[in-house]
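> Each protein sequence line maps, in turn, to chains A and B. Under the working numbering, think of the first position of the first sequence as 6, with each following residue one higher. Under the working numbering, think of the first position of the second sequence as 21, with each following residue one higher.
Quick caveat, the hints were computed from the structure, so don't treat them as lab data. Note that this is a predicted model, so its numbers are computed, not measured. Each residue gets a CB set at the ideal place from its N, CA and C atoms; glycine is no exception. Watch out, some of these pointers could steer you wrong.
Away from chain B, derived, C-beta distances all over 12 Å, residues of chain A [stated by the list, open to error]: (1) 10; (2) 301; (3) 382; (4) 393; (5) 423.
So, partial list: chain B residues that the calculated Cβ filter (under 10 Å) puts toward chain A [to be verified]: (6) 147; (7) 169; (8) 179; (9) 182.
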Amino acid sequence: MELLSNLALGLDVALTPANVGFALIGALIGTLIGVLPGIGPIATIAMLLPLTFHLEPVSGLIMLAGIFYGAQYGGSTTAILVNLPGETSSVVTCIDGHQMARQGKAGSALAIAALGSFFAGTVATFIIAAFAPPLARVGQSFGAPEYFSLMVLGLIAAVVLAHGSVLKAIAMIILGLLFGLVGTDGQTASQRFTFDITQLSDGIDFAVLAIGVFGVGEVIANLTRGEESRSVMSERITRLWPTREDFSLAWPAVLRGTSLGSILGVLPGGGATLSSFAAYVLEKKIARDPSRFGRGAVEGVAGPESANNAGAQTSFIPMLTLGIPGNAVMALMIGAMTIHGIQPGPQVMSERPQLFWGMVASMWIGNLMLLVINLPLIGIWVQLLKVPYRFLYLSILLFCAIGVYTIGNSPFSVLVAAFFGVAGYIFMRLECEPAPMILGFVLGPLMEDNLRRAMRISGGDPMIFLNRPISLGLLIAAAILLLIVALPAIRRSRHEAFQES
Amino acid sequence: MTIDTPKSAPPPHPLHILARKNVLAGLMFIAIASLGLWVSRDYPIGTALRMGTGYVPRLLCWILMGLGAVILLQGLKEKDAPPERTSLRQLMPIVVVTTSLVAFALAIEQLGLVLSILLLVGIGAIAARDIKIWELLIAAIVLVALSWAIFILGLGLTIPVWPVW
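Isolated chain B, as found in the complex (with noise of 0.2 Å):
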């Protein structure tokens, strides 16, 4: 899987070497540890033959913390690595996706399945810019019935599909 990346030549500014792939990643890394060295800082650790709960984890995070410090060094020392770039464009998406998901799991216990599908497809339809309103529909539609037929009526699961009040 390859994301494509503005060939153009980075002008030289600090902020630029920050947002090259392998720097954004090694600093992803180190957070990430970070984080759970914070969270476990109260885990007992135990020895190495009587392991506590918060030998493994923190010996992990130490090690991905390693890790990170490398692969951070490596990409502050590449030359010529394109920055990377984000426009809003990208990230709508990402919010929408989320949503559409977030929406999902909020309202199929009380919404039932018809209508958080419908929530779900809505909210998500945001992100293709050329869907038309008809489309749309029958998307909506065929997936309903594709659902209930999988789900319920193929594999009997108890989902309410009605709203239960």
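For reference, chain A alone in the conformation it holds in the complex (with noise of 0.2 Å):
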């Protein structure tokens, strides 16, 4: 059984002491972060990957992992006793979790959502172990042309699945793609955009540009938008296990929910956020009487906290066997592996067996501390709530400075980082998503290498990318992906799908 003794190999890499603890210190602080409104995954991971500069490898991703799916657990729990999500993956678990908080059964639904996602996660395991290695292997048989294709394909899927305007996320793409061409060009080695700064010769570091935007940027969006007032639950919560009746109507959900986030996390532009959403439309649709939604229906609870775990996990999929980021949180993991020298792509899993497979077998051990985190430690986490948003953001502004200035040493790169988080405010103010701008910065430099040498294979002959009956097939799908979302009643229901809220 090769699967059997892959995960084996994994489970000697991540079950050394370093490694357990490293998965605990990222299950411990996605948690918090997740729980916390005001912080995300993404800024957060963002902020610590110049830390993971000075860590093995596998270490830092076992870590920077632990925070994403972390951020999951810690999101239901805000989303249920407060009323206010703690991520945007948890936005629907408001809906109905909320409900039955008030109704005295918190208890059942925080024991819900995180066995639900504890369930989830682990078949998400399962299935990056089971789908990756025949991926890969898929992806070794890429050249440069198909490369280029999927990258396209990758980019407008990211597009089309995100929410909001999607010319506006294509613009961001765009001024992504911009930014990453700053710095000096490889081929000609003369200056592009550095408006003769010679900090800028080398590039903008993405960390820099990541921090910036995600770190600073929701720093003062939150600063602007005035401290809103939580009401933590005072009642005690009594029961932590749920009747025989909600078991019963969760279970089902808690499938439903795995399967549909499982398959939404692999789509680019897919991940927690999608598979959540996707999994309450789904379960109100479906359900017998779906009035009882919105009134603390079980199924609410149950299905998108799966679905958000099970996407968050196996949006990794496409990351660590194509080294193509489907979201921005895998943009993130790839700009931690390159800051090894790592090229993310297939040739990882057969190259650097111990940092797959170890990052593969991590993710169950951390899903089953977070297990242990979340529901007899609950009351710990509900009382961080009560730490005011003004001591927050002074150790966020803190941790983003040093981190930007430890990457280089170089206090410019500050400088570059503030830029970046005004920038990064005016587009959370304009609706404009910034995450497509990472894709499109990370994505970037990898499309024009492989665009430089699918034209070097064809003797620069465009044709190359239409005579190649896969990168054709994945082009022709990203034309049919652009088409749909033109069509007017798919843009409706793409809006309402996001509106559910």
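Both chains come to you apart, so use the hints to assemble them.
What follows is the structure, given as structure tokens:
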């Protein structure tokens, strides 16, 4: 059994004391920022990128991954108890989760969310282990033209599946591509968009951009909005175990949410948020009595909470096997790999099996830890909500500043981060999602590289992209996606899917 | 992430149409594209086969310009979209956060980690209207200790801790 021996290798790596420690740190930080509104996994992972430079690659990635799926657990806690989504992926959990809490079933809702997440996390781990190797083999047969077309498809799918205006998202991708051009042109060694600033001749560092836009930008956005009052539920959570009735309603929803999330997570542009929204819509559609939704329906908690955790984890598949990030968090993970000089792509699995399987195995260990961290210790996390944002933002700001400075011991980077902070705030204010920009920034140089290589293969003939069957298929898929989103009927239902809350 | 905008009906004033989200976003993209085209005006373009330094940048800028124009037009055609309003109180955090980061950047190599943290926290705290002096002091002490423990002790980074003269 190849699968089992691979997982055994992974467990060997993941179970070293250091890596168990980093998985725990990741899970703890993930739960913490999941519980706290005002800071999400993207900002946190961006802030911690510079730190991972000083760790073993596998330890750093284990920790960052833990933050991402840990946040899915933490986010549901706030959603249920306080009616405030800690993360965008738990927005829909508020609807029925908080209603359950008001009916005195807070413990039941929390337990179902945590157990559903754990089940989904376990299944998703096995899905990664089973599907990643064949996908990587497909990836290894890809040449430069196929890669270029795959990235085109990835970017377009990311736009179509993300929420908000498609036009603005494409514009943000272009903006990301433009920011990626800043620096010295690799081909001609001439300077592009450097404004005669020597520090910019190496280009904009990925971590600096990400910390600026997501870390500093969110701090500004939260401060301008003013502090919202948080009323923490004062009642004690008496029963942590769901009733038999709740349980029998929940488990089919958990299964459905896990399947849906696993599929949507793999798609470019998918991931936790899309999965949870889609799962909620699904549960409401197939329910015998849809009117229960919004009044504390157990399925409305079980489905989305399983789906977001499954989606969070399976979104690692395209990143790990093909080197293609499907969402902003995966773009950050690619950034973390390149910091260590690891070129993401199908060769990672064959050349660095310890890294790959260690990370996959750590996900299951991390999920197990999260179950323990979240269920018995729930009271502690709820207390954390009483920490006012005025302390939180000072710490975030400081960590952004020190983190950015340590990347190259360059004070100039801090100024660049400040600039992107203001830019990030303006983007958010004008409802221009910054996530596509990060994808463009990461994929830009890769696309340019593959484009030039493809041109060298074909002797400058752009028809190479259409002559190769796989490349042609990928481009056709991209074109179909664009056409679909242009149809008014689809546009409307897409809009509704994200407006469900 | 949603940002609250005032829900009141917009008075029919041309300036308010300009203050709509999509109009502003369109204008922003057009402005960035124009800046990019202006900066790259002397970059050699080359041909599609032998792309010069300026080929991709200028192409991207033109696409961005086009997208910006479409977004702008869509924004102008929208019916009863509320105009963006920004009060002075909302601008304050932008200035404060930027200033605190700039101060940190200027201070870190000369004044060292401890004083730079105090500067950043001190300036940054202005954005929190209701912070008390003793809260600020405790926050500063905790953050100095935490940063020292993580970055100097834990990761062994060579950041100057105290002022270097």
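> Next, verify each hint and record whether it holds.
Evaluated hints:
1. 10: With a cut-off of 12 Å, residue 10(A) remains clear of chain B, as the shortest Cβ separation is near 35 Å.
2. 301: At about 24 Å from chain B, residue 301(A) clears the 12 Å cut-off, so the statement holds.
3. 382: At about 22 Å from chain B, residue 382(A) clears the 12 Å cut-off, so the statement holds.
4. 393: About 8 Å separates residue 393(A) from the closest Cβ of chain B, which leaves it inside 12 Å; violated.
5. 423: violated, 4 Å
6. 147: Since chain A brings a Cβ to about 5 Å from residue 147(B), closer than 10 Å, the hint holds.
7. 169: violated, 12 Å
8. 179: holds, 7 Å
9. 182: Not OK, violated: residue 182(B) not within 10 Å of chain A, min 16 Å.
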